[in-house]
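**Student:** In the order they appear, the protein sequences are chains A and B.
Under the numbering used here, read the first sequence as residues 1415 to 1815, first letter to last.
Under the numbering used here, read the second sequence as residues 1415 to 1815, first letter to last.
None of these hints come from the bench; they were simulated from the model.
It is possible that part of the hints are untrue.
Which copy is meant is left open, so a pair is good if it fits within one copy or across any two.
Keeping only pairs whose Cα atoms sit at most 30 Å apart, straight-line, the calculated DSS-like set for lysine-lysine is [to be verified]:
no., residue 1, residue 2
1, K1724, K1684
2, K1620, K1493
3, K1584, K1647
4, K1706, K1772
5, K1680, K1800
6, K1767, K1518
7, K1493, K1617
8, K1800, K1767
Protein chains: 2
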Amino acid sequence: MIAEIISIGDELLIGQTINTNAAFISGALTDIGFDVNWITTVGDDEHNINAALVQAQQRADVIITTGGLGPTHDDITKKVFADYFKTDMVLHKATFNRLQQRFKKRNLVLTESNIAQAMVPTTAKVLENPVGTAPALLFKRENKLFFVLPGVPVEALAIMNDVIVPHLKKINDQIILKRVLHTSGIPESYLFEQLGDIAELEKDAKIAFLPQLGRVDVRVTSRGKFEEQCREKIERVEQFIRNRVSKNIWGTDDETFDEVVAGLLKRQNKTISVAELGTRAAISSLFTRNDKPEEFFIQGLVISSAEHLKSIFNLKQLKSQPENIYSEPGVRWLAEWTRTAMNSDLALAVAFKPQIEKGTFIALSDQDQTIFSEQSYPFPPEIAIKRIESACLHFLYQYLI
Amino acid sequence: MIAEIISIGDELLIGQTINTNAAFISGALTDIGFDVNWITTVGDDEHNINAALVQAQQRADVIITTGGLGPTHDDITKKVFADYFKTDMVLHKATFNRLQQRFKKRNLVLTESNIAQAMVPTTAKVLENPVGTAPALLFKRENKLFFVLPGVPVEALAIMNDVIVPHLKKINDQIILKRVLHTSGIPESYLFEQLGDIAELEKDAKIAFLPQLGRVDVRVTSRGKFEEQCREKIERVEQFIRNRVSKNIWGTDDETFDEVVAGLLKRQNKTISVAELGTRAAISSLFTRNDKPEEFFIQGLVISSAEHLKSIFNLKQLKSQPENIYSEPGVRWLAEWTRTAMNSDLALAVAFKPQIEKGTFIALSDQDQTIFSEQSYPFPPEIAIKRIESACLHFLYQYLI
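Let the hints inform the model, and build the full structure from the sequences given.
**Tutor:** Dropping the structure here:
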């Protein structure tokens, strides 16, 4: 089946906002077997929204729009849809009540523009927005579905995942099975060559290499009428890949690298602390994303300079700190100090200086030893830090398995 | 003048690639006074690319396409353009020579697909690609300009900046000035109502409300023939808005909230430490994003549970810790303890439990007092934490000004 996305919002046409919604939604639609052939972006402009709707309706079975549902004067999507479907607006009680409660809790009074947010076109089905105030809408015309979502990315994402994907899965009968194998510590080109003749493998399932920052995912996709058949093909290809690069595969599908590493720590009954310098709290963040970080993560220390470390009370009781933390002895010392200070089984210390060669120092300390790794990420911080996250998890993973 | 963007590439329709090119190009066009009303994304598909071109030609004076100029079988943009303009392909000598030199340097042999990259439609003007192998093209028809760019973002960006923007500046003489006012601590609907009759204000400049998580931006745009006039209009509207909500405006244009707060701390010669529980290191990250965090940020302590706090060595020397950190006394204690332990002028402590009402506790401690704020973000962590970031910065900002 064919789907189309219409992104609505002036901010998308003046370069202020990158259209992440369209990428996310097209990905979700592709995952459940829809073909997305067009994505159209228009402003908060009645004429253009209408023209985009007319076009999309001619080409697609499912149309998803985002944006223009907010409370201010330039949010006109709902009105354009009401006109398009020749319907009136009515107050949607449940949305109004939810707004009222929300405002009461915050000791705010509902304004007229808030009440306007609870008005919906009569013929639309209201879809609950689990994370925001603007309700999403569903219209039907000639067997075609029109989903109208707010533009705030977390809201669009939540409604897409919770409501629309389950709905659309029921109406598309092609089976699409996917398996993603997550690897680390092996470059894309090397991985590619390890797998030999891809064309031969692709007789069973389509293979895509998806490089992330610091690691590579391999996606295996099989389509067909019969689930059992698709599953067998995927399993055959997966087994083939595992035979070639088993020790680089740390997880599959929705598993994340930090969860896998946290799982290993929990199963081995090991606790860890982190000290990090220059990495913008990214490594502490990795471990505290967990549902129950307290089961394995003791503390993270986010340091802005080695100098300030000395101002922590009672630090003088410890063995002396090296002059330069950005060095092998410096980061080894930091890992050992952190393990002792925080009283954990393991401690991971990271020090990173951006934009230079060999500027990343990683050490992992346990009761018996401290191991060390030096990396080179001479990139701007945003990019380098993503790679350092992967490098730290890879370092810890290889230690734990 | 009117411009349109056509983004070409299957990867944009399956969610694999976020369309950053369209955001960058629309921003660059807006900055030089063009109106971008439509952005269309299609796959590497002859029929759809052609249809998008037909539409765009009807609506716009300038059309910019990206993507589909690479060396592989699915890169068909050049062929579609040659057909659209009914022209042949010829070898472009300069491009061919450049390719040959580049390959020689890397000891590689030119393949047939590389030679195909140096073929260009006869009637096109070739624009130099300063950073890649695929040349960009310019076609003209009935006073309309068609720029054809490669899809690799660094290449599209370089050609846009070096060649296209200078070219287009000459043919458009409209001035566009923008001012973004960043606010916090006031909901969008409240802000909207505070400003009174928007239609009256919009006689001078266009106003847009752009809600972020936990804060709202107000964008004021003025267009005209004379820069001085546009500037005056923007200033008039800005002053009007400032008169209404002055204490909620923390910055303008490219300023970020964390930079503004860091700037205040630096100017007031105050240092700060952070202790955070449940916020995934987000608050420590806010402060260490700075270019020189060591000038004001002492340390961040990322805690996974109040229990583990006790395992930090020598903690017993401090006054006793309350039973429950997720409480007003708990987080006040944590702020005071952190300020003492880390030896900083200020300490900000945050404790957050997801998915519950009144689950966010914030305290800020200085030498004389500890102030406290309780917030309610009963959302999933990803969303709640973004709001807590804004709430913490707002809390600190209001303390510092």
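**Student:** Work down the list of hints and note, for each, if the structure agrees.
**Tutor:** Right, here's what the structure says about each hint:
Both within a single protomer and between protomers do K1724 and K1684 lie at most 30 Å apart by alpha-carbon distance, with minima of 28 Å and 18 Å respectively. Taking the shortest alpha-carbon separations for K1620 and K1493, only the inter-copy value of 20 Å comes in at or below 30 Å, while the best intra-copy value is 42 Å. With identical chains, the CA atoms of K1584 and K1647 are at most 30 Å apart within one copy only, with a shortest distance of 23 Å there and 54 Å across copies. For the homomeric pair K1706 and K1772, the shortest alpha-carbon distance between copies (20 Å) is at most 30 Å, but the shortest distance inside one copy (34 Å) is not.
Taking the closest pair of Cα atoms, K1680 and K1800 come within 30 Å of each other both inside a single copy (24 Å) and across two copies (28 Å). Proximity of K1767 to K1518 under the C-alpha cut-off of 30 Å is restricted to the inter-copy arrangement: shortest distance 21 Å between copies versus 48 Å within a copy. For the identical chains of this complex, K1493 and K1617 are inter-copy neighbours only, at 23 Å across copies versus 47 Å inside a copy, given an alpha-carbon limit of 30 Å. Taking the closest pair of Cα atoms, K1800 and K1767 come within 30 Å of each other both inside a single copy (14 Å) and across two copies (27 Å).
When the structure is compared with the earlier hints, no violation turns up for any of them.
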